[in-house]
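Visitor: Going left to right, the sequence shown walks through residues 1 to 359 as this note's numbering numbers them.
One should not assume that every hint holds.
[As the list claims (entries may be wrong)] Computed list of lysine-lysine pairs in DSS-like fashion (alpha-carbon distance at most 25 Å, straight line):
1) Lys110 with Lys98
2) Lys110 with Lys83
3) Lys125 with Lys110
4) Lys81 with Lys98
5) Lys83 with Lys98
6) Lys110 with Lys81
7) Lys213 with Lys125
Think of the hints as simulated: they come from the structure by calculation, not from any bench.
Predicted, not measured: the structure shown is a model, and the values here were computed from it.
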Amino acid sequence: MLGYISRRLLLMAVTIFGIMLISFAIVQLAPGGPIETMMARLSGTDAGLSGRLGGGGDLAQQSVSDPYRGSQGMDQQLIEKLKRQYGFDRPPSERFVKMMADYLRFDFGKSLFGDESVIALIRRKLPVSISLGVWIMLLSYSISIPLGIRKAVRDGSAFDIWTSMVVTVGYALPGFLVAVVLLIVFAGGSFYQIFPPQGLWSENWNDLSFFGKITDYLWHIVLPITAMALAAFANLTLLTKNSFLDEINKQYVLTARMKGLSEGQVLYGHVFRNAMLLVIAGFPAAFIHAFFTGSLLIEVTFNLDGLGLLSYNSIIGRDYPIVFGSLFIFSLIGLFVNLLSDLVFTMIDPRIDFETREV
1 MLGYISRRLL LMAVTIFGIM LISFAIVQLA PGGPIETMMA RLSGTDAGLS GRLGGGGDLA
61 QQSVSDPYRG SQGMDQQLIE KLKRQYGFDR PPSERFVKMM ADYLRFDFGK SLFGDESVIA
121 LIRRKLPVSI SLGVWIMLLS YSISIPLGIR KAVRDGSAFD IWTSMVVTVG YALPGFLVAV
181 VLLIVFAGGS FYQIFPPQGL WSENWNDLSF FGKITDYLWH IVLPITAMAL AAFANLTLLT
241 KNSFLDEINK QYVLTARMKG LSEGQVLYGH VFRNAMLLVI AGFPAAFIHA FFTGSLLIEV
301 TFNLDGLGLL SYNSIIGRDY PIVFGSLFIF SLIGLFVNLL SDLVFTMIDP RIDFETREV
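Make the full structure from the sequences, and use the hints.
Guide: Below, the structure is given as structure tokens:
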């Protein structure tokens, strides 16, 4: 097993390097960039950015007095100063090597348009995404697995048919569309004012008691979690059902029944362990989706300041340290979770031996 883990760690390093290299190359080809964004802001009213240029106040003020006209009409002296200050005067290959060297030390730098480090930004936004992700994982697994098992056992029954219809509709509906409908119906849009339309807590959060804070938090997350849970709920339910159906029809199940074992003993003593392997195999993707990628539109709709919104704003604003820092961290977490999933496989089914397999 140690040999397999070592090979996987080596492959993870190569994969991370490839992800960062391809992403960096794509960004170099994309139109616009941080310098253009800075010039656009300086030509407007972003006095805070002007003050952060450090010794360039006169140049910044000169640029602000002139309208921004794209690449023509800019103050070339100011452009060169910005390039030197943020390292864009060096060749792309040199910037990439320096970036990867810094990332190996987990030094992700600071935001180009703020004084806060990338790590500090992610740490500040992380609780919101974790809060959403944990609830999604708990609800989807605690409901979908029992429901999927029930549907497999009663395959073809009326219960299976109408629950399949509900699951299919839930899977087909986009999360953000459900979020908008929930806001209209239950958050004072046109019908009822039952739940708050945005945020994870009220303005008087600090004045509430301990139990009052818990109640306020739960009150705020009902609509976002409902909007996010439908797709995850549907996927996991169908995966569980199909996995159990595949195992139930195998010969060893018939043999166990012929020995006189009850349906419960057959289902949970024999079928469950084998059927859950596919469910566990889908856990890494579900984990990454729930925590880092699945909540972007929900965060925007409900004004939840989490990692999804941070990544989106950094891409739109060409804040490269946040873009690449987030990409590196999320990719690393995803690869480690996949490795952890393989190790869990061996714990559930000792017959699986990754040591003798190619990576």
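Visitor: Decide, hint by hint, whether the structure agrees.
Guide: Quick rundown of the hints versus the structure:
A hinted pair counts as satisfied when its Cα atoms are at most 25 Å apart, and Lys110 with Lys98 qualifies at roughly 15 Å. A distance of roughly 16 Å separates the Cα atoms of Lys110 and Lys83; the hinted pair therefore holds under the 25 Å criterion. Proposed proximity of Lys125 and Lys110 is supported: the alpha carbons are some 15 Å apart, at most 25 Å. Proposed proximity of Lys81 and Lys98 is supported: the alpha carbons are some 20 Å apart, at most 25 Å.
Of the supplied pair hints, the one linking Lys83 and Lys98 holds, its CA atoms being roughly 16 Å apart against a limit of 25 Å. For the proposed pair Lys110 and Lys81, the alpha carbon gap of about 18 Å is at most 25 Å, so the pair holds. Taking the CA atoms of Lys213 and Lys125, the gap is near 19 Å; set against the 25 Å cutoff, the hint holds.
When held up to the earlier numbered hints, the structure conflicts with none and fits them all.
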